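Hey, can you work out the whole structure from these sequences and the hints?
Number of protein chains: 2
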Amino acid sequence: MTRDEIIADLSLKTDSKIVLLVMDGLGDLPVEGKTPLEAARTPHLDRLAAEGACGLSDPVLMGITPGSGPAHLSLFGYDPTRFMLGRGILEALGVDVEVGENDLVARGNFATMTNDLVTDRRAGRIPTEENARICETINRDLGSVEGAEVRLYPGKEHRFVAKFTRSGLSDELSDADPQKNNLPRTPARPLSPKAEETAGIVNAFLDRVTKMRAGAPRANTVLLRGFARYPDIPTMSSRYRLNPAAIANYPMYRGLAKLVGMDVPQVGPDVEDLFTTLENRFADFDFFYVHVKKTDSAGEDGCSPDKLAVIENTDAQIPRLLALNPDVVVVTSDHSTPCPMKGHSWHPNPILIRAANAMPDEVERFSERACGRGHLGRFPAMNALTLMLAHAGKLKKYGA
Amino acid sequence: MTRDEIIADLSLKTDSKIVLLVMDGLGDLPVEGKTPLEAARTPHLDRLAAEGACGLSDPVLMGITPGSGPAHLSLFGYDPTRFMLGRGILEALGVDVEVGENDLVARGNFATMTNDLVTDRRAGRIPTEENARICETINRDLGSVEGAEVRLYPGKEHRFVAKFTRSGLSDELSDADPQKNNLPRTPARPLSPKAEETAGIVNAFLDRVTKMRAGAPRANTVLLRGFARYPDIPTMSSRYRLNPAAIANYPMYRGLAKLVGMDVPQVGPDVEDLFTTLENRFADFDFFYVHVKKTDSAGEDGCSPDKLAVIENTDAQIPRLLALNPDVVVVTSDHSTPCPMKGHSWHPNPILIRAANAMPDEVERFSERACGRGHLGRFPAMNALTLMLAHAGKLKKYGA
Numbered sequence: 025m026t027r028d029e030i031i032a033d034l035s036l037k038t039d040s041k042i043v044l045l046v047m048d049g050l051g052d053l054p055v056e057g058k059t060p061l062e063a064a065r066t067p068h069l070d071r072l073a074a075e076g077a078c079g080l081s082d083p084v085l086m087g088i089t090p091g092s093g094p095a096h097l098s099l100f101g102y103d104p105t106r107f108m109l110g111r112g113i114l115e116a117l118g119v120d121v122e123v124g125e126n127d128l129v130a131r132g133n134f135a136t137m138t139n140d141l142v143t144d145r146r147a148g149r150i151p152t153e154e155n156a157r158i159c160e161t162i163n164r165d166l167g168s169v170e171g172a173e174v175r176l177y178p179g180k181e182h183r184f185v186a187k188f189t190r191s192g193l194s195d196e197l198s199d200a201d202p203q204k205n206n207l208p209r210t211p212a213r214p215l216s217p218k219a220e221e222t223a224g225i226v227n228a229f230l231d232r233v234t235k236m237r238a239g240a241p242r243a244n245t246v247l248l249r250g251f252a253r254y255p256d257i258p259t260m261s262s263r264y265r266l267n268p269a270a271i272a273n274y275p276m277y278r279g280l281a282k283l284v285g286m287d288v289p290q291v292g293p294d295v296e297d298l299f300t301t302l303e304n305r306f307a308d309f310d311f312f313y314v315h316v317k318k319t320d321s322a323g324e325d326g327c328s329p330d331k332l333a334v335i336e337n338t339d340a341q342i343p344r345l346l347a348l349n350p351d352v353v354v355v356t357s358d359h360s361t362p363c364p365m366k367g368h369s370w371h372p373n374p375i376l377i378r379a380a381n382a383m384p385d386e387v388e389r390f391s392e393r394a395c396g397r398g399h400l401g402r403f404p405a406m407n408a409l410t411l412m413l414a415h416a417g418k419l420k421k422y423g424a
Numbered sequence: 025m026t027r028d029e030i031i032a033d034l035s036l037k038t039d040s041k042i043v044l045l046v047m048d049g050l051g052d053l054p055v056e057g058k059t060p061l062e063a064a065r066t067p068h069l070d071r072l073a074a075e076g077a078c079g080l081s082d083p084v085l086m087g088i089t090p091g092s093g094p095a096h097l098s099l100f101g102y103d104p105t106r107f108m109l110g111r112g113i114l115e116a117l118g119v120d121v122e123v124g125e126n127d128l129v130a131r132g133n134f135a136t137m138t139n140d141l142v143t144d145r146r147a148g149r150i151p152t153e154e155n156a157r158i159c160e161t162i163n164r165d166l167g168s169v170e171g172a173e174v175r176l177y178p179g180k181e182h183r184f185v186a187k188f189t190r191s192g193l194s195d196e197l198s199d200a201d202p203q204k205n206n207l208p209r210t211p212a213r214p215l216s217p218k219a220e221e222t223a224g225i226v227n228a229f230l231d232r233v234t235k236m237r238a239g240a241p242r243a244n245t246v247l248l249r250g251f252a253r254y255p256d257i258p259t260m261s262s263r264y265r266l267n268p269a270a271i272a273n274y275p276m277y278r279g280l281a282k283l284v285g286m287d288v289p290q291v292g293p294d295v296e297d298l299f300t301t302l303e304n305r306f307a308d309f310d311f312f313y314v315h316v317k318k319t320d321s322a323g324e325d326g327c328s329p330d331k332l333a334v335i336e337n338t339d340a341q342i343p344r345l346l347a348l349n350p351d352v353v354v355v356t357s358d359h360s361t362p363c364p365m366k367g368h369s370w371h372p373n374p375i376l377i378r379a380a381n382a383m384p385d386e387v388e389r390f391s392e393r394a395c396g397r398g399h400l401g402r403f404p405a406m407n408a409l410t411l412m413l414a415h416a417g418k419l420k421k422y423g424a
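In the order they appear, the protein sequences are chains A and B.
Letter by letter, the first sequence follows residues 25 to 424 in the numbering used here.
Letter by letter, the second sequence follows residues 25 to 424 in the numbering used here.
FYI, nobody ran anything at the bench for these hints, they're computed from the structure.
Here the structure is a predicted model, which is why all the values come from computation and not from measurement.
Certain hints may be false.
Chain A stretches covered by chain B per the calculated footprint, using a threshold of three residues with CB under 8 Å from any CB of chain B [said to hold, decoys possible]: (1) 278-292; (2) 356-365; (3) 387-400.
Calculated lysine to aspartate or glutamate pairs in the EDC-like style (CA-CA distance at most 20 Å, straight line) [stated by the list, open to error]: (4) K218(B) x E125(B); (5) K58(A) x E388(A); (6) K366(A) x D351(B); (7) K420(A) x D120(A); (8) K204(B) x E170(B); (9) K317(B) x D287(B); (10) K58(A) x E75(B); (11) K420(B) x E125(B); (12) K318(A) x D351(A); (13) K235(A) x D165(A); (14) K421(A) x D39(A); (15) K58(A) x E386(B); (16) K420(A) x D165(A); (17) K282(A) x D120(A); (18) K204(B) x D140(B); (19) K421(B) x D325(A); (20) K421(B) x D103(A); (21) K58(A) x E388(B).
Cβ atoms here follow ideal geometry from the backbone N, Cα and C, with glycine treated the same way.
This is the structure:
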């Protein structure tokens, strides 16, 4: 039996409740001797670490820096080398585009063409408002393209997401993007025979839009890349018999959660709002993924004091979480975003699990280095979900 | 995607430089309370341990004692359960025989036959010089055998390596060796239909040599075992975009390195010479595998004071390595060779990685037990290469 089959087979529906608190990009490296997590005052997280078992988890493989997609799939218990999300899907989720099973999405750029050459792949970074107006016009006037509905969703500046809807579309297409300026437009090429029809639709769309925009001084053509179909991922409910909810206020994470079948209740913009929604909806679900984004944004900016503040702010909410008396609490990050590196990294995530039958180890502080001495050791992050199920009494015995 | 595909896909060519210092058979067990590494004075290795991240690595699988082949493949990032080297190949590499894709090699013994029975499988351990003379005569007089060129390379006493060269040879052959004295000669049997032709060639060779040696009082026949073709291993350059060099002065390790596409610059016989070649060729490559053999030889002899001396001698060279300012330094062993066991063992290797973004853990001493408390935890040795690439900035992000 595969790991997935074993877990699905042993999963049990119970009333116990699991809260997985993900502080995005939390893991870090020391600056002047301490990581933000080590420097922060976190009495509540430290108490959870002291009461529970701690460890370090690798999002994908040792040494591999994950994007948010694979890092989250792993936290939801999915092998991130097996289940993959196309770049277009993440982009679509990020601008809150609903993606369904007949949809093909891609990242788009408005670009400027002069005498049949793409002279500016970013159309001079047109204002976001101009982008929105162009998308609106195209959506209104385009009509269907060879049986496919096409819709553009504006992003920032020259960027948008294109969604093609029709049954049987394939994402096995090369990018329709010359990649460099001063080259002709590039059509999407089918990478397998079954993508030929889709390539025809995509290229007809590109020609139609280019014709519609003819005469415009800029943004008179579009480029598409990262074609991706709706990924075929089994839901957490089918795999683990969970009734899961995502408490997240950034579109991409809400979208990721929807991909694995989570409910996504409304939630306000601040860390406090996450816990308010948790309180309000605690009776309705048995698994809660609570996502704090700003630890990551602070790390991406290379800015340790901000990260420390978000950590302390989150720590201050922990008593509200504990007051709900969840059976299992896990606190971790999806990936590290070390301030000195100003971006995602391969470093492992600190993780704690606090539950009635967790082994209290000698770790008394929730931090990267303290967790490195924990009883859980170092393990692939996708195993965290199995541990949560186990501690929640949601897994039967394997074998006689 | 498989692990190999992911790593190959994410690998990036950069100017950063990696030095992998392998102290062969370094890992050990305590004698009178301390391992040789614990007893040795190693201020420079300790400094690297203090500045970097430490851990323990398993060469193949927990509890599995590796030969030098799998232990090294693992250090070079290859899954040693997937890529396998026939014994004949290791033997050939050990006597500095060049092996190419049309070659089939085997370990050979001169043996003594009396009345059609092999009465001494080692031909009375004839002197090495006699072995060399017989090989020379055979190489001169044999001619080609059914279209195959055959060449014998003398080893010590009765041992040699046989190399058959022709396209389409197969190594799916049983040993041509009765395994015990006082049995008749045994032909090589094909283990699959495609090896039938090769078996014919090998057996014709055995008959021809036995006829050539008829009348000699000893060493009048030969036995062959461990048939092995050139292994089909992708190079480190194709897998990781590295331009790697092996700085090693023992033939087998130079040969192993050549199998994965490393350059093998000339180097003198002593530990100091390794670092001189490293200095002289530092500009020419981006990955350096530096191999210290004598830690292992000392362990194989069961002799702890010698091993300690090699360790201290190597430690004294570390400042020369650091003066080159490599981006990533890893120090480890390929396998353990505990003095009390006088041979390879399954015990994990101590490993340290020192690089700009390595997490400095609380390990302040480079030793087996200190590394067991390190931030890297315990992991399969093949992951060390991924970590080196990551710390050298040679891996892109996985997924969006």
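For which of the previously enumerated hints does the structure constitute a violation, in increasing order of number? 1, 7, 8, 11, 12, 16
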